[in-house]
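Participant: Whenever a hint applies, use it, and build me the whole structure from the sequences.
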Amino acid sequence: MRQITPQGYGYVPSMAEVNALPKSGKVISLFSGVGGSSLGYKMAGWQVLASVEFLDYQARTYRKNHIGTRVYEQDIRKMDPNKVMAELGLRPGELDILDGSPPCSSFSTAGKREKLWGKKKSYGNRTQRTDDLFFEYTRFLRIMQPKAFVAENVKGLVMGKAKGYFKKIFRELESCGYVVKARVLNAKYYGVSQGRERLIFIGYRKDLGMVPKHPAPSRYVIPLGKVMHGLPLPGEPLKPLRGKGLTVYELTKVGDKFDTAYLKAFGKRNMYTHYRLSPFKPAPTLTTSPTYYHWDRPRVLTVSEMKRITTFPDDFILLGTLANQYEACGRTVPPLMMKAIAEGIRKDIGETIKRNDN
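Just so you know, we're using the working numbering here: the sequence shown kicks off at 28 and counts up by one.
No lab work stands behind these hints: they were computed from the structure. Only a predicted model underlies this, so the values are computations on that prediction, with no experimental measurement involved. Built from N, CA and C at the ideal position, the CB exists for glycine as well. Do not take every clue at face value.
[Stated by the list, open to error] In silico EDC-like links for lysine to aspartate or glutamate, alpha-carbon gap of 16 Å or less:
1) Lys190 / Asp159
2) Lys91 / Asp283
3) Lys253 / Asp341
4) Lys194 / Asp159
5) Lys195 / Glu163
6) Lys105 / Glu163
7) Lys233 / Asp375
8) Lys182 / Glu224
9) Lys195 / Glu224
10) Lys284 / Asp323
11) Lys233 / Glu199
12) Lys266 / Asp323
13) Lys308 / Asp283
14) Lys240 / Glu370
[To be verified] Now the in silico label distances, taken between C-beta atoms and shown as ranges:
15) Arg87 / Pro306: 29 to 35 Å
16) Glu100 / Glu370: 25 to 31 Å
17) Ala292 / Asp107: 54 to 60 Å
18) Gly252 / Lys374: 20 to 26 Å
19) Lys280 / Lys110: 52 to 58 Å
Facilitator: Here it is as structure tokens:
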């Protein structure tokens, strides 16, 4: 297993190492995807009791990697939080952390934003409305009353017209009985070689008498060249660029987007989310499509390379089609980023966990 600093900053343990860690405390993850955030909690020594995931192929990947965690493969709108707690042997207030990443494409800075609010859209292999799902998260929060919560969303939620949604969500979280802090964090300052900016809400139940804090960023940023050492794996299929893509790649400087070179070659801008990556700096935010290319070979990044950028262990198994696997890397919360958040919460509420476990 590769490592940047032995057992230190940027180190990604194997799944065997993660599973062998002693764990305490109780976490439930909503909108869990393939389990990037769950993996971060486990890296920080938390026990993840259950997850909720709507997309069948992501739920399959979650089950494959998170043995022992109960997976609710259901539409959260149709779920009863009281029934979930009863099935897990919990009463209100006994859960330590409620985690969640409500689907957020309706608030992304890329795309149509406001035009999609209130409407159903394609999400994975399903069609659903996504801009109201944060309020399903708060429905669970209000009933379960965990000691702490963590909710993740796109930076676009605090930009432009979406600020109204942000303020409404913030007030709703507070009304559930929590002291709430929200801050945009960049994954590249938490051991992840990816400039992924995400809005992170952290809340502590008011009776604990504590104010939540976000983890301090590191000054050291890990370049892609270090992360990619030893890849791709032997036998992994490579997708070389051809035609217009190859022409634009050859005109694009290392570390730049394709759109300027496309304009130069074909008289208009296109391929805005396509990058010729640089080994000397982190990748931009990964998308759900394979639009990132190796710096000195005209080919799409492999899934194994995408996993390393995401900080999935090399032995984390992604199921489904190749498109499903790229999507998983583009959607997930980077585990090392969540690990930093989870470690901070453990420092704050660790004593209450010890009392409950004894």
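Participant: Which of the stated hints cannot be reconciled with the structure, identified by number in ascending sequence?
Facilitator: 2, 9 and 18
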